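Trainee: Chain by chain, the residues run as shown.
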Amino acid sequence: MTDHAPAGTTRPPPPSPADAPRSGSGSRPGQGVYLYAVTPGEAPYADEPHGGLPGGTRGDLRGVGGGAVRPIARGGLVACVSDVPLDQFGEEPLRRHLEDLDWVEGVARAHHAVVETLAAAEPTAPVRLVTVYTGDDQVRNLLDRRHDDFAEILARVAGRREWGVKAYLRRETARPAATPSEERSAPSPARAPAEPEGGGPGAAYLRRRKESLRGREDLWRAAAERAEELHAALGRLAVASRRHRPQDPRLSGRSESMLLNGAYLVDPAREEEFAAVVAAHSDRFLDAEITGPWAPYSFTMIDLGSDRDGGVR
Amino acid sequence: MTPDGLPPFTPERSPGRVLAAEGRLPPERVALVDILDRLLAGGVVIAGDIVLSIADIDLVRISLRALLGSVRGTEPFDPLGQPYAERREGEDDRYGW
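Top to bottom, those sequences are chains A and B.
Sequential numbering of the first sequence, starting at 1, is according to my numbering.
Sequential numbering of the second sequence, starting at 1001, is according to my numbering.
To be clear, the hints were calculated from the coordinates, so they are not data collected in a lab.
Check before you lean on any hint, since a few could be wrong.
Claimed, not checked - Where chain B lies over chain A, by a calculated footprint (3+ residues, C-beta under 8 Å):
hint	region
1	62 to 75
2	105 to 111
3	121 to 127
Claimed, not checked - Across the chosen pairs, the derived CB separations fall in these ranges:
hint	chain 1	residue 1	chain 2	residue 2	range
4	B	Ala1031	A	Pro201	41 to 51 Å
5	B	Ala1031	A	Arg208	33 to 43 Å
6	B	Leu1032	A	Gly202	44 to 54 Å
7	A	Ala233	B	Arg1029	22 to 32 Å
8	B	Arg1029	A	Gly200	49 to 59 Å
9	A	Glu152	B	Ala1031	23 to 33 Å
10	A	Gly200	B	Leu1032	44 to 54 Å
11	A	Asp267	B	Arg1029	21 to 31 Å
12	B	Leu1032	A	Tyr205	23 to 33 Å
Treat the numbers as computed from the prediction; the structure is a model and nothing was measured.
The C-beta atom is built at its ideal place from N, Cα and C for all residues, glycine as well.
Okay, chain B solo, but in the shape it has when bound:
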């Protein structure tokens, strides 16, 4: 094991008041949407190695889009779309008042 790994986050070690106020939430209290941001658009993708094709990210993308689009409303939500910075032009309707 590497002893130089990050020690667990503790409020005592928090370097700033804002960070201390945030703290590390227990996993069950972290917002699902924040987790999905990372689990569906981050992490190592090993598509080519899987014999089962279940790690095919397109499958997850399509299913979740359909799910969230149908269950949560009419406008599809695409958590796996292009990063915001690449889509800003013409996307102002995302910020409807």
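Only chain A is shown next, with the shape it has when bound in the complex:
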């Protein structure tokens, strides 16, 4: 965490009664309203300002920069927000901060922690990272105008959980012969250069190398087919499925090729079967692992841009 990370030290006003829901415009100088997620619910009672948040969280749920998470209720929906300083989340500061992976990580983890807490208690529609409004009134307007969209999303994810499945090529089958130094300079199998036939130690080496590449290409294809089968089988069990892009090895920390980075929205009754399918596909070709349960991030993708009709993608 760097010194300009969203730590509580940079947030001038400590938690106070001012964190309670405000009935006015909700717009305060220097403060933005960070939206985490929308959940079903009613307006809190006046003597219980955080009553609109899921039971158990009460007023102690903290979000980005340590800000208290509070509800903004409207029409059977609750927007879960916290105040953030615009000297960090204003357009120009944000542009700078987004170049700083430590800052991004701090915000992402704080966002995720809030969403996790909410999703553990009730249906939750997470909002894309860094969605900031100038005041509570804007958030209320959002809930008014997009009520039906949110209701549709929440109905779809209610009672279901998202699971992630990542499948990697098994290293031991992937790299049977070559040394690490060869690996680095080796082109992908499909681009192996054409080498001359004939005698000589160089040609023999090239032939061996070609056979080795061909063998590994076969293994790769077999593993990729298994990954496709796995995704299809999981998709049949899931209410909905989606593929994320394979993760960059520099970020995943694993050098093996990722063949599947899937997300699946699963009914609880199918979770056991789901886990069994993943286990059955972890074999000598594939190393498949489950992540989650996740809040339904991957299945609440809806673009509520004002110039479009929206609609679930």
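Given chain A's structure and the hints, the job is docking chain B onto it.
Mentor: The following block gives chain B in isolation, referenced to the frame of chain A:
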């Protein structure tokens, strides 16, 4: 509140051994890359409603791409690109040996 919401995940309730083995990690132990997969390519996008343009996803996309491309290596990593299924053809070099 809706009492029919999902109860918190607990190992006792886990329906299968694999799921039980995975469990729910505390948020601070979840891999950042798994979080970013979801936070940058999932969730509700409300671009048109924000007065501040800071929720413009293009801004996040461009900045992160530049960040990860410059800091982590020469090849840009695009966490917000097209889903894998739409890009597989001709992408084999992503799986270099």
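Trainee: Compare the structure with each hint and give your call.
Mentor: Here is how each hint holds up against the structure:
1. Coverage of the region 62 to 75 of chain A by chain B is violated [criterion: at least 3 residues with CB-CB distance below 8 Å; count 0].
2. Check on the region 105 to 111 of chain A: 4 of its residues sit with their Cβ under 8 Å from a Cβ of chain B, so the three-residue criterion for coverage holds.
3. Counting residues of the region 121 to 127 of chain A whose CB lies closer than 8 Å to any CB of chain B gives 6, so the stated coverage by that chain holds, three being the minimum.
4. Between Ala1031(B) and Pro201(A) the beta carbons are some 46 Å apart, a value that agrees with the proposed interval 41 to 51 Å.
5. Separation of Ala1031(B) from Arg208(A) is about 38 Å and conforms to the stated range, judged on CB atoms against 33 to 43 Å.
6. Take Leu1032(B) and Gly202(A): their Cβ atoms lie about 46 Å apart, and the range 44 to 54 Å holds.
7. A beta carbon spacing of about 29 Å between Ala233(A) and Arg1029(B) agrees with the range 22 to 32 Å that was offered as a hint.
8. A C-beta distance of roughly 55 Å is found between Arg1029(B) and Gly200(A), which places it inside the suggested range of 49 to 59 Å.
9. For the pair Glu152(A) and Ala1031(B), the supplied restraint of 23 to 33 Å holds, since their beta-carbon distance comes to about 31 Å.
10. Distance hint for Gly200(A) and Leu1032(B): a CB-CB separation of about 50 Å, consistent with the stated range 44 to 54 Å.
11. Evaluation of the 21 to 31 Å hint for Asp267(A) and Arg1029(B) yields a pass: the beta carbon distance comes to about 27 Å.
12. A hinted range of 23 to 33 Å is violated for the C-beta pair Leu1032(B) and Tyr205(A), which are about 42 Å apart.
Violation of the numbered hints given earlier is confined to hints 1, 12; the remaining hints are satisfied by the structure.
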